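> So for the sequence shown, UniProt numbering puts the first residue at 1; every next one is plus one.
Don't take each hint at face value.
To be verified - Just the calculated beta-carbon pair ranges, DEER-fashion:
hint, residue 1, residue 2, range
1, N374, T201, 20 to 26 Å
2, S266, R419, 32 to 38 Å
3, P363, S111, 23 to 29 Å
4, T201, R158, 29 to 35 Å
5, F331, R108, 54 to 60 Å
6, K222, N72, 42 to 48 Å
7, V358, D271, 45 to 51 Å
Hints in this document: simulated from the structure, not taken from any laboratory.
Just so it is clear, the structure is predicted and the values come from calculations on it, not from any experiment.
For every residue, glycine included, the Cβ atom is placed at its ideal position computed from N, Cα and C.
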Amino acid sequence: MFTSKALHITLPKVDFPAPNQVTDSTSVLTLKNLVHEPLIRWNPHGVLTPGLFAHWTSSDDRRTWRFTIRPNANFHDGKKCTASDVTSFITAILDSRDTFGMRWSYHRYLSRATITAENDATVVVTNPSPCEWVKDVFTDFYLSRVDERGFGVLGTGRYKVLSYLPGKKVELLSLNPSARYIHITFTAEPNPETRLEFLQTAQTDAALGLEDLPTHDLQTLKTLPSITLITKTSTLSVIFYLNCTSSSIFSSPNARRAINHALDTSRLIRDVYADYADPASTIVSPFHLGAAQSTLTLPIRYDPVEARRLFEESGIDFSNPPTITLRTPTFMPTHAEAISNFVAEALRAIGFNVTVEVETNRPAYAKQIGFEKNVGDLALFDSSPNSTFRVLDDKISSGTKGIWWQGYVSEGVEGLIGRANDAVGEDERVARYGEVLKRLGEDPPWLFVVHPVAVLGVKKGDSEGEVQGVFIDQRGALVID
1 MFTSKALHIT LPKVDFPAPN QVTDSTSVLT LKNLVHEPLI RWNPHGVLTP
51 GLFAHWTSSD DRRTWRFTIR PNANFHDGKK CTASDVTSFI TAILDSRDTF
101 GMRWSYHRYL SRATITAEND ATVVVTNPSP CEWVKDVFTD FYLSRVDERG
151 FGVLGTGRYK VLSYLPGKKV ELLSLNPSAR YIHITFTAEP NPETRLEFLQ
201 TAQTDAALGL EDLPTHDLQT LKTLPSITLI TKTSTLSVIF YLNCTSSSIF
251 SSPNARRAIN HALDTSRLIR DVYADYADPA STIVSPFHLG AAQSTLTLPI
301 RYDPVEARRL FEESGIDFSN PPTITLRTPT FMPTHAEAIS NFVAEALRAI
351 GFNVTVEVET NRPAYAKQIG FEKNVGDLAL FDSSPNSTFR VLDDKISSGT
401 KGIWWQGYVS EGVEGLIGRA NDAVGEDERV ARYGEVLKRL GEDPPWLFVV
451 HPVAVLGVKK GDSEGEVQGV FIDQRGALVI D
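Using the sequences plus the hints, can you model the full thing?
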């Protein structure tokens, strides 16, 4: 199966979305990172490095930015990549809708900006207010064009597509004849147990997304002799949105803090995730911009006595216990129903009656939470943007009231967000975002749960058969050296 120049990898899915579609799918990001290039590369702690844009400069007030395309950037059909290609690509994203039928938040971020091609190599962004955050936004954009069949497989990356069977298989060829792997085949297998079986029986060299295995399989994963596990804590946040509107229990800061005290995160990680997760302490992961500066290294402590006291201070009368409505999907995040049942039991232990509403239609669930604000009292969700700016703007800010905002208002928070968004220079930015994240850890808008650990399995072998140079990044996508 494995040779020094060929590799077979099994992914949960194989897909090249249309160029105007942005995704957080680890499978799709795996392919995009090889075939396409992000305009700018995101790295842990919000460090940004060149992608398709080789370098960038700004005016002193950070209202105008010039981004320069790297030399000799060509699409795989031979067409030169120009600034006009980039501006048309960005415009298409801003005018499109996501897979749930909702308009991208990018449209709101850039609604006042002008984006133009100054020449073949330079893209200019001008905004009425400082927009240091535009670099964060560009890390989500992987430039591509469609081929003659209408598939978004034409990129500028280091591998080109040889053949593509949507949803099933793609074959890639390295443009560098000295690459470790000249030929890579990706096949799709949505069932994580089958992916693991393929790996154990040497039908594949590597399998992504093993963190999606059922808990009982995760518990024995480390004992399997035929595979090597590569793990990394993900930037994904598993959370419960809290209904913070005036009619809800969680309009009270005490109640929001109380529910975080009510959750035994350590036991949830052990019993549901089989230890393949880390506890969350604020709205983003430890790898987001500003997280280290927030100094929040530990989750809100498990203390059910304190939880009940704070609930009572917020006006809850447990002699006549109220009923809390908890909403949950069946997937996205992984283990969704197990997580929700665990949280429901924690709330019952405090003294609440809890009704669990299960929604099996995941796209409908997203619309219910985002458009309709139908979160009950709390609703399980995940938060995937790698940009601290994006999480705040989409989900926390009472000024923008983005699609995922659930009524959270906290004195002083909006001012902190504004200062962070308008900060000039990376040092000021990271410090300002650290202040916001610290405040949100102290006055939580959500029930913080975990950051899952992404798991890649690779086939073991002798010195010649061992799979090397294959990793996963902080987003959970597979990376090939």
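> Now tell me, hint by hint, if it's right for this structure.
Verification of the supplied hints:
no., hint, in the structure
1, N374 x T201: 20 to 26 Å, "45 Å, violated"
2, S266 x R419: 32 to 38 Å, "35 Å, holds"
3, P363 x S111: 23 to 29 Å, "25 Å, holds"
4, T201 x R158: 29 to 35 Å, "31 Å, holds"
5, F331 x R108: 54 to 60 Å, "28 Å, violated"
6, K222 x N72: 42 to 48 Å, "45 Å, holds"
7, V358 x D271: 45 to 51 Å, "20 Å, violated"
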